[in-house]
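J.: In case you want the letters, here they are:
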Amino acid sequence: MAVEPRVAPAPAGQTGPRIVDVRLEGVTKRFDDVVAVDDLSLEIEQGSFFALLGPSGCGKTTTLRMIGGFEEPTSGTIFLGDRDVVGLPPYRRDVNTVFQSYALFPHLSIFENVAFGLRRQGAERKGLRGRVLEMLHLVELEGMERRKPRQLSGGQQQRVALARALVCSPRVLLLDEPLGALDLKLRKQMQLFLKRIQHDIGITFIHVTHDQEEAMTMADRIAVMNKGRIDQLGSPDELYERPETPFVAGFLGVSNLLPGTVAGADVVRLDDGTQVHVAAEALQGRTGRVAVGIRPEKIRIDGGDANTLPGTVSESAYVGVATQYIVETGSGRLTVYVQNVRPGAEGAAPGDRLTLSWSPDATFVVDSTEGSA
Amino acid sequence: MSGVMDLGGRAWALARRNVLAAYSVLFFAYLLLPIAIVIAFSFNNPTGRFNYVWQGFTWNNWRYWDGVPGLRGAIELSLEIAVIASLVATALGTLVALALVRYGFRGRGATNLLIFLPLSTPEIVLGASLLTLFLNANVAFGFWTILIAHIMFCISFAVVTVKARLVGFDRHLEEAAMDLGANEWATFQKVTLPLIAPAILAALLLCFAISIDDFVVTYFNSGTRITFPLFVWGSARIGAPPQINVIGTAIFVVAVGLMVTNVLVQNRRGKRGLV
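For the record, the sequence lines run as chains A and B.
The first sequence begins at 300 in the working numbering and counts up by one.
The second sequence begins at -15 in the working numbering and counts up by one.
No lab work stands behind these hints: they were computed from the structure.
Hints may contain errors.
Facing chain A, according to a computed beta carbon distance under 7 angstroms, are these residues of chain B, among others [to be verified]: (1) 157; (2) 160; (3) 162; (4) 163; (5) 165; (6) 166; (7) 167; (8) 176; (9) 179; (10) 182.
The following label-pair restraints were derived from C-beta to C-beta distances [as the list claims (entries may be wrong)]: (11) B:93 x A:619: 53 to 63 angstroms; (12) A:376 x B:91: 32 to 42 angstroms; (13) A:382 x B:244: 56 to 66 angstroms; (14) A:631 x B:93: 27 to 37 angstroms; (15) B:132 x A:441: 50 to 60 angstroms; (16) A:387 x B:154: 16 to 26 angstroms; (17) A:386 x B:199: 26 to 36 angstroms; (18) A:393 x B:154: 36 to 46 angstroms; (19) B:88 x A:586: 49 to 59 angstroms; (20) B:154 x A:441: 26 to 36 angstroms; (21) A:619 x B:247: 52 to 62 angstroms; (22) B:18 x A:441: 51 to 61 angstroms; (23) B:67 x A:386: 42 to 52 angstroms; (24) B:93 x A:586: 50 to 60 angstroms.
Where is the CB? At the ideal position from N, CA and C, for every residue including glycine.
For reference, chain B alone in the conformation it holds in the complex (with noise of 0.2 angstroms):
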């Protein structure tokens, strides 16, 4: 009897020992699976339109990366667009966040209110309204109405994330910059912005992430010009050329470098005790 109650205690610590790791490993899998099978369909040499059954291995997709009629002009415009706005929201994000921190203005409180609204409102009504708003002023829908939504949206993700190393940043160190002889633009310039770079840096590059993969608002005013996304959409419809596997792995292979630079970095940083 002992044995056997010693043996189910057993293999009870054991499955208590491993049901973690089993749990995490599924988690992971979970996850990841969906990209690895992105990556692995990039390398693969469909004999139809789809992209969807496993036919062999192939560089080509890699070496005629732009093959499909289209694509190269999607991912330039996709990227001009993202450049553009992500550096124009970061600006003036970065300006309508120290105005909130720093000043009390009337009108402050409805401010704060209006620039979490783009965040919580679901980005179909966001894409209708401005629709809407686009052709009532008889805009001309194209490059400019894209570039336009993806600042708008963009800015309340630049404010959120510059404010919030704001709040917690020390006023006698611009008064001490002050005291010490520098006026307003020299501290802004050798105090504020140094210390509020990191921020400024993390919200530059959530706008570009939001704005390139952005779909729905982009749809809404995009006229008659194709971003990426909107490429992707119409191609899947049609059958997916394996183009868009590359490029959605090209993406996320610069994201990870950039992720895994980032962490090295602020290690090093740390380790010589500088943040």
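If we strip away everything but chain A, and leave its shape as in the complex, we get (with noise of 0.2 angstroms):
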């Protein structure tokens, strides 16, 4: 399965400036009364992988079909490049889309898809047909070029629809949740697939998803929408690692949040008297009420780090890589995973009780949940 650069050539700017191929400023959408994506901001950089996530009706697909020209902003502006976009419609952007139903044209075959927007440029007839076969070789769909898009499985109709996409060689491609309707197996394929010709041929992508798996394994950067803004935009390590809203950390992996009052420049107190102790930079100024957070896996059980908090387990669940406890505390029920490093389903059991420690370096605070259900 080799693959070459053939469409545009890598990146040159990897020394250089940094060059900004997408900028959303103070993009606002309404849809009736219904504010679909609210005074939004953004910069895409040259040749990322860029993740739009988010759950559903947060705004992500309205952000990406204002970028590719389905949807005008009420207020704001869009630039590709230097160029502001607004008003343009699609056919005049210099981005292309692969949508979540493919839209593959039913009544052409799969070469004449990809063909379509060649033609449209007005591509010579000889330099067309190479393109088009060079593009499905690309996409690993040789010899399937006079089919019609029924005869072809789902994870090919979504190759195509990358195909015919990326063959008009965009500025940007945008990918409207195009994993969707795969079955988890070919999903993982198709993500690893997406990733290596994003990096092979230097393409912005914007991927729009609600699968934050999906999003943490592709995208450099990634945007975490909620009710038309952005949460939090960052690598996917950052988004994990230092959530910023509880949002972030409920929506990215399992989070355990503890209420809690600062009281001090890296103190925290819980509402039960304990002292967490938190990296100074991770209150970032905040002040009274926060809430503490602990990914699982950060959390041992056998003692030894800074942070300690003692309880009872109640549940405890053997899922072979590693054992998952449920343990109450006096600041409420932590998730807690243990990974199985030698073989047996040995560990705590149910009502015994034992004492939770983390490190402040694995701790982070969010704004406190309390009033905002």
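Dock the two chains into a complex; use the hints.
T.: This is the structure:
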């Protein structure tokens, strides 16, 4: 499965200045009374794999459709490169889209589907055939060019949609939940496939998904959206290790959030009086009520770390690679994952009392969840 | 005793097995007998003015199909009206259907309702109303009034037919075309039109069929012009010539031929996995 750069040269700007491919400035989209996207500002760097992640109805697809030209913002500006594209129809924008439903033209062959964009550009006959076949080779669909879309499997149709969009060499490729209709195994394969293609051809990808694992697997940078706004933007590990809002902490992976009050430059006092040490920068100047967060796999049940909390095991579940414990403490119920390094299902049993511990570095702080349901 | 029971049971089973077949035969006889008679009497050689009693076989009615004065002109007028009316009505109806399905506009609900009105109004009312309208507007009756009337009631059929196809149309297909650089016209031409073409064709044929045999509305608004249905009606009063059966048979054969061709084409496409 040799994949060579075919569509566009890899971005030369690795050492040069940062080039922004897509810039949104104060973009708002209202549908009647509903605010779908709320004063959104965003910069997407050339050559990056950018994910818009959020639950359904958070405005991520609307944002993508505004970049593609299928919706116009109520207010705000969208730049592709240096060009303000608000008001331009989709066919005047240097972006291409892979639709969730693939939207392959059912009356055209695979070849003509892929050639559609090139024909609109007025590509000459000879070059066109070569480019289409090359693109079909890239997505591993050689020999399928005479078939009709309905004769292909879901995964194959998905790759035709990808080829059809990429063959136009757009500045930016937009992907609207492109893997949503595939089964789990195929989805995993396509995630890696997409990431490899993006890496090889160096086009900026903007990927909309509600699947946090998918976003983390593929994207260099992720914007987590909630209710029309970006809650947090960062690399996958930043979002996971240092979530800044309770929503991000809960949407990406499992989080234990313990309510407390800031009691010093690097200390939060939980409601039962326990002092939790955190990294000073994690507080980010917060005072008053906050919530302390710890990822389940960062907690040890054999002690040894600076922050401790006594509790009683209420449930334990052996899931092979790890054992999951639910531990009741004075500050609430915590989920703990302990990796099964040695064989056997030994460990704590329900009813056991133990002391949980974790490092201050592994502790993050978000705004209090009280009052916001 | 048991033998009699057995016999009765067997007869019952036999009857049960054949009752559907018998019913089907009767049903189709009922349906097809009038057509068979029309076809048969197109070969009749009547002695008097009336073509109601079998007198003998002849090819002459087919050879001299336009031997009856006025018949040729009536057929030509009917074809002319049907072709123009179905083309205009289908074009307008397709646009109306696109507007109704695609765009939310003021009066969309009302338009939807009005489209159905000509379908549900008795033809006699439709014809009389149009007559009143044309009289009040001082329009000269003839070709144009017939054409306008036919276009009017055909539009509804065209709208309904094309709309059914558009409702199941994936809007993303058009967005994809635009995304790939096709402007509105290219999108319509390359994607929308090919995909709704079967419905447009169906609408055309339907409009043609409805227009060419319309009697009631035409009768009110034709003035002195005679279409084929009006000619048949007129000549039936003074004795229908066998040429009318000839024309009827020809129309039947063409219609069945088109239908069979359509089925064959669809079947072959289905086998190749294309639709």
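J.: So, for every hint listed, does it hold in this structure?
T.: Now the hints, each set against the structure:
1. At about 5 angstroms, the closest approach between the beta carbon of residue 157 of chain B and any beta carbon in chain A falls short of 7 angstroms, and the interface hint on this residue holds.
2. Taking 7 angstroms as the C-beta cut-off, the interface hint given for residue 160 of chain B holds, the closest approach to chain A being about 4 angstroms.
3. Among the interface hints, the one on residue 162 of chain B holds; its C-beta lies about 4 angstroms from the nearest C-beta in chain A, closer than the 7 angstroms criterion.
4. Hint status for residue 163 of chain B: holds, given a least beta-carbon distance of 5 angstroms to chain A, under 7 angstroms.
5. With a least beta-carbon distance of about 4 angstroms to chain A, the hint placing residue 165 of chain B at the interface is held under the 7 angstroms criterion.
6. The criterion of a C-beta within 7 angstroms of any C-beta in chain A is met by residue 166 of chain B, whose closest approach is roughly 5 angstroms, and the hint holds.
7. A hinted interface residue such as residue 167 of chain B counts as satisfied when its beta carbon comes closer than 7 angstroms to some beta carbon of chain A; here the least separation is about 5 angstroms, so the hint holds.
8. Against a cut-off of 7 angstroms between C-beta atoms, the interface hint on residue 176 of chain B is violated, since the closest Cβ of chain A lies about 11 angstroms away.
9. For residue 179 of chain B, the suggested interface contact is upheld, since its CB lies about 6 angstroms from the closest CB of chain A, less than 7 angstroms.
10. The restraint placing residue 182 of chain B at the interface with chain A is violated, with a minimum CB-CB distance near 10 angstroms, outside the 7 angstroms limit.
11. The hint said 53 to 63 angstroms for the Cβ distance between residue 93 of chain B and residue 619 of chain A, and at roughly 59 angstroms that hint holds.
12. The given range of 32 to 42 angstroms is respected by residue 376 of chain A and residue 91 of chain B, whose C-beta atoms sit roughly 35 angstroms from each other.
13. For residue 382 of chain A and residue 244 of chain B, the Cβ-Cβ distance of about 57 angstroms falls inside the hinted range of 56 to 66 angstroms, so the restraint holds.
14. One distance hint, 27 to 37 angstroms for the beta-carbon pair residue 631 of chain A and residue 93 of chain B, is violated here, with the actual separation near 54 angstroms.
15. At roughly 58 angstroms, the beta carbons of residue 132 of chain B and residue 441 of chain A sit within the given window of 50 to 60 angstroms.
16. Here the CB-CB span from residue 387 of chain A to residue 154 of chain B is close to 24 angstroms, well matched to the stated 16 to 26 angstroms.
17. Remark: the range hint 26 to 36 angstroms for residue 386 of chain A to residue 199 of chain B is contradicted by a beta-carbon distance near 55 angstroms.
18. At about 25 angstroms, the beta-carbon gap between residue 393 of chain A and residue 154 of chain B misses the expected band of 36 to 46 angstroms.
19. For residue 88 of chain B paired with residue 586 of chain A, a C-beta distance near 50 angstroms keeps the hint of 49 to 59 angstroms intact.
20. Roughly 27 angstroms separates the CB atoms of residue 154 of chain B and residue 441 of chain A, a value that falls within the hinted 26 to 36 angstroms.
21. Checked against the hint of 52 to 62 angstroms, the pair residue 619 of chain A and residue 247 of chain B passes, with Cβ atoms roughly 58 angstroms apart.
22. Roughly 60 angstroms separates the CB atoms of residue 18 of chain B and residue 441 of chain A, a value that falls within the hinted 51 to 61 angstroms.
23. Under the hint 42 to 52 angstroms, the C-beta atoms of residue 67 of chain B and residue 386 of chain A, about 44 angstroms apart, fit the expected range.
24. For residue 93 of chain B paired with residue 586 of chain A, a C-beta distance near 57 angstroms keeps the hint of 50 to 60 angstroms intact.
Checked against the numbered hints above, the structure violates hints 8, 10, 14, 17, 18; every other hint is satisfied.
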